[in-house]
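Dock chain Y against chain F, hints included.
One letter stands for each residue in the lines below.
Number of protein chains: 2
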Amino acid sequence: MEHFEITHRDAMGRIAKLETPHGVIETPTLMPVINPNVEFISAKEMKKFGASMVITNSYIIYRSPQLRDVAIEKGVHGLLDTDLAVMTDSGSYQLMVYGDVEVNNREIVEFQKTIGSDIAVPLDIPTPPDSVITLAEEDMKTTLEREREAAKLFSNEKSLLALPIQGSTQPELRRKSAEEAVRIAEEVGVKAIFPIGAIVPLLDTYRFVDVVRIVLEVKSVLPAWAPVHLFGVGHPMFFAMSVALGCDLFDSAAYALYAKDDRYLTPYGTKKLAEMHYFPCSCSVCSKYTPEEMRRMKKGERARLIAEHNLYVCFEEIKAIKQAIKENTLFELVEKRIRSHPYLVAAWRLLREEKYAKLMELLDAGMKQTFFYTGVESLYRPAVTRHAERVKRVELNGKEFVISTNMLEHADLYLRPAFGVVPAELIEAYPAGHAEMPPAEYIEEEALKVAVRNLLDFLKFHKDKKFRIRAEDVWKPHLNNLPPNATLE
Amino acid sequence: MEHFEITHRDAMGRIAKLETPHGVIETPTLMPVINPNVEFISAKEMKKFGASMVITNSYIIYRSPQLRDVAIEKGVHGLLDTDLAVMTDSGSYQLMVYGDVEVNNREIVEFQKTIGSDIAVPLDIPTPPDSVITLAEEDMKTTLEREREAAKLFSNEKSLLALPIQGSTQPELRRKSAEEAVRIAEEVGVKAIFPIGAIVPLLDTYRFVDVVRIVLEVKSVLPAWAPVHLFGVGHPMFFAMSVALGCDLFDSAAYALYAKDDRYLTPYGTKKLAEMHYFPCSCSVCSKYTPEEMRRMKKGERARLIAEHNLYVCFEEIKAIKQAIKENTLFELVEKRIRSHPYLVAAWRLLREEKYAKLMELLDAGMKQTFFYTGVESLYRPAVTRHAERVKRVELNGKEFVISTNMLEHADLYLRPAFGVVPAELIEAYPAGHAEMPPAEYIEEEALKVAVRNLLDFLKFHKDKKFRIRAEDVWKPHLNNLPPNATLE
Numbered sequence: 001m002e003h004f005e006i007t008h009r010d011a012m013g014r015i016a017k018l019e020t021p022h023g024v025i026e027t028p029t030l031m032p033v034i035n036p037n038v039e040f041i042s043a044k045e046m047k048k049f050g051a052s053m054v055i056t057n058s059y060i061i062y063r064s065p066q067l068r069d070v071a072i073e074k075g076v077h078g079l080l081d082t083d084l085a086v087m088t089d090s091g092s093y094q095l096m097v098y099g100d101v102e103v104n105n106r107e108i109v110e111f112q113k114t115i116g117s118d119i120a121v122p123l124d125i126p127t128p129p130d131s132v133i134t135l136a137e138e139d140m141k142t143t144l145e146r147e148r149e150a151a152k153l154f155s156n157e158k159s160l161l162a163l164p165i166q167g168s169t170q171p172e173l174r175r176k177s178a179e180e181a182v183r184i185a186e187e188v189g190v191k192a193i194f195p196i197g198a199i200v201p202l203l204d205t206y207r208f209v210d211v212v213r214i215v216l217e218v219k220s221v222l223p224a225w226a227p228v229h230l231f232g233v234g235h236p237m238f239f240a241m242s243v244a245l246g247c248d249l250f251d252s253a254a255y256a257l258y259a260k261d262d263r264y265l266t267p268y269g270t271k272k273l274a275e276m277h278y279f280p281c282s283c284s285v286c287s288k289y290t291p292e293e294m295r296r297m298k299k300g301e302r303a304r305l306i307a308e309h310n311l312y313v314c315f316e317e318i319k320a321i322k323q324a325i326k327e328n329t330l331f332e333l334v335e336k337r338i339r340s341h342p343y344l345v346a347a348w349r350l351l352r353e354e355k356y357a358k359l360m361e362l363l364d365a366g367m368k369q370t371f372f373y374t375g376v377e378s379l380y381r382p383a384v385t386r387h388a389e390r391v392k393r394v395e396l397n398g399k400e401f402v403i404s405t406n407m408l409e410h411a412d413l414y415l416r417p418a419f420g421v422v423p424a425e426l427i428e429a430y431p432a433g434h435a436e437m438p439p440a441e442y443i444e445e446e447a448l449k450v451a452v453r454n455l456l457d458f459l460k461f462h463k464d465k466k467f468r469i470r471a472e473d474v475w476k477p478h479l480n481n482l483p484p485n486a487t488l489e
Numbered sequence: 001m002e003h004f005e006i007t008h009r010d011a012m013g014r015i016a017k018l019e020t021p022h023g024v025i026e027t028p029t030l031m032p033v034i035n036p037n038v039e040f041i042s043a044k045e046m047k048k049f050g051a052s053m054v055i056t057n058s059y060i061i062y063r064s065p066q067l068r069d070v071a072i073e074k075g076v077h078g079l080l081d082t083d084l085a086v087m088t089d090s091g092s093y094q095l096m097v098y099g100d101v102e103v104n105n106r107e108i109v110e111f112q113k114t115i116g117s118d119i120a121v122p123l124d125i126p127t128p129p130d131s132v133i134t135l136a137e138e139d140m141k142t143t144l145e146r147e148r149e150a151a152k153l154f155s156n157e158k159s160l161l162a163l164p165i166q167g168s169t170q171p172e173l174r175r176k177s178a179e180e181a182v183r184i185a186e187e188v189g190v191k192a193i194f195p196i197g198a199i200v201p202l203l204d205t206y207r208f209v210d211v212v213r214i215v216l217e218v219k220s221v222l223p224a225w226a227p228v229h230l231f232g233v234g235h236p237m238f239f240a241m242s243v244a245l246g247c248d249l250f251d252s253a254a255y256a257l258y259a260k261d262d263r264y265l266t267p268y269g270t271k272k273l274a275e276m277h278y279f280p281c282s283c284s285v286c287s288k289y290t291p292e293e294m295r296r297m298k299k300g301e302r303a304r305l306i307a308e309h310n311l312y313v314c315f316e317e318i319k320a321i322k323q324a325i326k327e328n329t330l331f332e333l334v335e336k337r338i339r340s341h342p343y344l345v346a347a348w349r350l351l352r353e354e355k356y357a358k359l360m361e362l363l364d365a366g367m368k369q370t371f372f373y374t375g376v377e378s379l380y381r382p383a384v385t386r387h388a389e390r391v392k393r394v395e396l397n398g399k400e401f402v403i404s405t406n407m408l409e410h411a412d413l414y415l416r417p418a419f420g421v422v423p424a425e426l427i428e429a430y431p432a433g434h435a436e437m438p439p440a441e442y443i444e445e446e447a448l449k450v451a452v453r454n455l456l457d458f459l460k461f462h463k464d465k466k467f468r469i470r471a472e473d474v475w476k477p478h479l480n481n482l483p484p485n486a487t488l489e
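Those protein sequences? They're chains F and Y, same order as listed. My numbering numbers the first residue of the first sequence as 1 and each following residue consecutively. My numbering numbers the first residue of the second sequence as 1 and each following residue consecutively.
With the rest of the complex left out, here is chain F:
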């Protein structure tokens, strides 16, 4: 779509230009939350940390006569005194927390239009995890009706409209919700972004597997042009993985909320100031103070400094991710970052499931130079499956072939960890030939198993040919189930 132009891709992640009335935003990015009621770090200051867009809550503004008057008169940008793009939330969060809000969808959407929000949000209903399907479906229908109502108000507008995707933890509803949201955007003609909603309760309970499943289900039906906002996700430990799954926008109230609670963000999790002896960061705050000095400060002063660090580290992570996309090493980055939590490791392993592996294979468009092995997770990258498919298309001239595990000896084909069979003529090509991997005797058994699975597949495919396999000792225990056309020497 014309308002979202993808410029670089890797894994399912992308760098793109999102056009808003207040300028073109490079995604992936993070929108810091500005609370219009609380003076903390101002929207104006956010540029310094790397922000190009902020998010605030139109419902809070709407409910406060004072804020409302200023916003109507000067617009939301005037209220926040910023020329950055401003997304506004609708009160859905309050709906989730308090069960009710004192505004209806049409009112809050029109209000957002009036105050000149760059991205407005309808009053969608965040259905909690594990809701029964009938409730989740009913909520979803209401949400979609509200989205259509909002879309009509934003058709042919310069501003963007968020069309949130709900459906609780029901994969089929999440897909349906995404499909319908896309239909609304296309039929009514709005510049849409697609937030995935009601994720926070899952994160709060470490249900990262469910989060990844929801994102993958949604991405399986969204078109590539759809900008995706992982609504409520603001911790840098999730950014790399979420971007690699195709998310483009994040928002963070966490930088401030955590800071006020003396919690310090890192791309690998959260640390409590009370337990810190050193700041593992080089930002201007962490270079200037020690944790001990910070603990002796007044609470307000300290919160402000921790919030600054939290913002620095969030945007540092965004930069690391964008750099990884441009150099096509996003898989490597994610495989490092998932070590922040055991359930992130588990969540990433969802990509071993066939339908998700296929989706990743379909969408991963990065032109990679090197296959950099980081551990067993690397075995499930598209490069490995694609190699196995490609190898089957290589023509074998002759009847009998030697396969060796020793790259230093002459052979027709080689057997390499992870990849399996590599024809001699591909031994210099990406991926198997450009793979930085530990040698077989130091690699995990799983890497040999995946290789042998690919080998067996290959042998079966060429059942009219004969193969003699010369294997080093470490391979032998894995080669005791060869088909009749192969012998182990």
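Read the hints as simulated data drawn from the structure, not as lab findings. Here the structure is a predicted model, which means the values were calculated and not measured. Worth double-checking, as some hints may not be accurate.
[Unchecked claim] With beta-carbon atoms standing in for the labels, derived distance ranges: (1) 468/F to 480/Y: 29 to 35 Å; (2) 394/Y to 275/F: 29 to 35 Å; (3) 48/Y to 472/F: 50 to 56 Å; (4) 480/Y to 439/F: 51 to 57 Å; (5) 274/Y to 362/F: 54 to 60 Å; (6) 352/Y to 488/F: 25 to 31 Å; (7) 48/Y to 44/F: 27 to 33 Å; (8) 439/F to 478/Y: 23 to 29 Å; (9) 48/Y to 156/F: 54 to 60 Å; (10) 457/Y to 132/F: 42 to 48 Å; (11) 478/Y to 462/F: 42 to 48 Å.
Where is the CB? At the ideal position from N, CA and C, for every residue including glycine.
Just chain Y now, kept in the frame of chain F:
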């Protein structure tokens, strides 16, 4: 020893106070190399980045009449205009590179004493990797003679003396070299530090497995009080692993050499400025400039800025490591950092070898609170083997016991990934009870295998008792070789 006081431990790493004539240095730390001939980042400025000690080359000073006169008159601290502790190298590096130096051991050691070096180094002989044992042994003997000669000059001195450990890639020679160096320190009575030498040629060729093997062999004979310097290692990607193996000191010429070559350090490897689009860092340099802006600068100005970043990131990593030691999460940190290179993953897997696993188990003294699983590497932490041993000592009252894989059902014992058998009474205790791990259906097969190995060991140990095992499906393929005293329900 009185000059090296260990205050905190985790894995084989430690935080310690190293006493020098110029103050007490907290280790682990990095000594930036100051080239006395080249004006770049001065010793004086190094404090800003976090340095408390620098290293310079006494041979370069000795060979330059001008530098030499100043050093003799004002001392090496006067020459470098710093009150930081200063270690001086001896010319061994030049010996390695050029094959000869124009000074003998006694002269250069006496010179270092004269100019007031805080840590002097004898003229040891760095034997290259893969040298034949006879040559390596001869070099080592010469090195040890020179160390004894130097030690006599430094006996009862306030200054410290480095007693380098050589021996090429021959494990038995490395051990011998370490033993003899310790003997010299004790017999002659010097405040010693123990550099492990000739590591750089191994790093340059990605032979990280060999590096780890050498360090482990050396550590297997060095006493705990011995401060260890991994000589020539200055890239932050190696710091966490090296500290976890018991190294305390690093030195870096890399921060400057790399910078002059437009190379940017990260704890995960090196990036070329030409290939960077974003700086994934929050230091004052990276917050101020983009890679594009930096590329347009003059070479000298740019080199200076990259060097500053390189120093920031090195000391950021030192801080991250010290924080991890204090909170006893060094294993978790290392298991993240090894993802920087496939051969680091391979190198860390040396700890699966029995003798090295035992050494780690013996020396790991961290009081851990939680077992945070980061991937298959976590299976080889001492916590897992210690648990298996401890479980065998738990008394079993009765004759028949139920073992379940489902923590939600009542059972006498539970079967958990990684740990194996966990008696119900230990299910709330560290490590198995305080383990954050993916559930069995999402964890790697290797974690189930390690658990089953521990289970079988336990069943064999209690061969007079009977066990009924209730296993969820994911476990069943691994439980088909049970001994006669156990049945799968």
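Hint by hint, here is what the structure shows:
no.	hint	in the structure
1	468/F to 480/Y: 29 to 35 Å	32 Å, holds
2	394/Y to 275/F: 29 to 35 Å	32 Å, holds
3	48/Y to 472/F: 50 to 56 Å	52 Å, holds
4	480/Y to 439/F: 51 to 57 Å	31 Å, violated
5	274/Y to 362/F: 54 to 60 Å	32 Å, violated
6	352/Y to 488/F: 25 to 31 Å	26 Å, holds
7	48/Y to 44/F: 27 to 33 Å	29 Å, holds
8	439/F to 478/Y: 23 to 29 Å	27 Å, holds
9	48/Y to 156/F: 54 to 60 Å	56 Å, holds
10	457/Y to 132/F: 42 to 48 Å	46 Å, holds
11	478/Y to 462/F: 42 to 48 Å	33 Å, violated
Hint compliance for this structure: hints 4, 5 and 11 are not met, and every other hint is.
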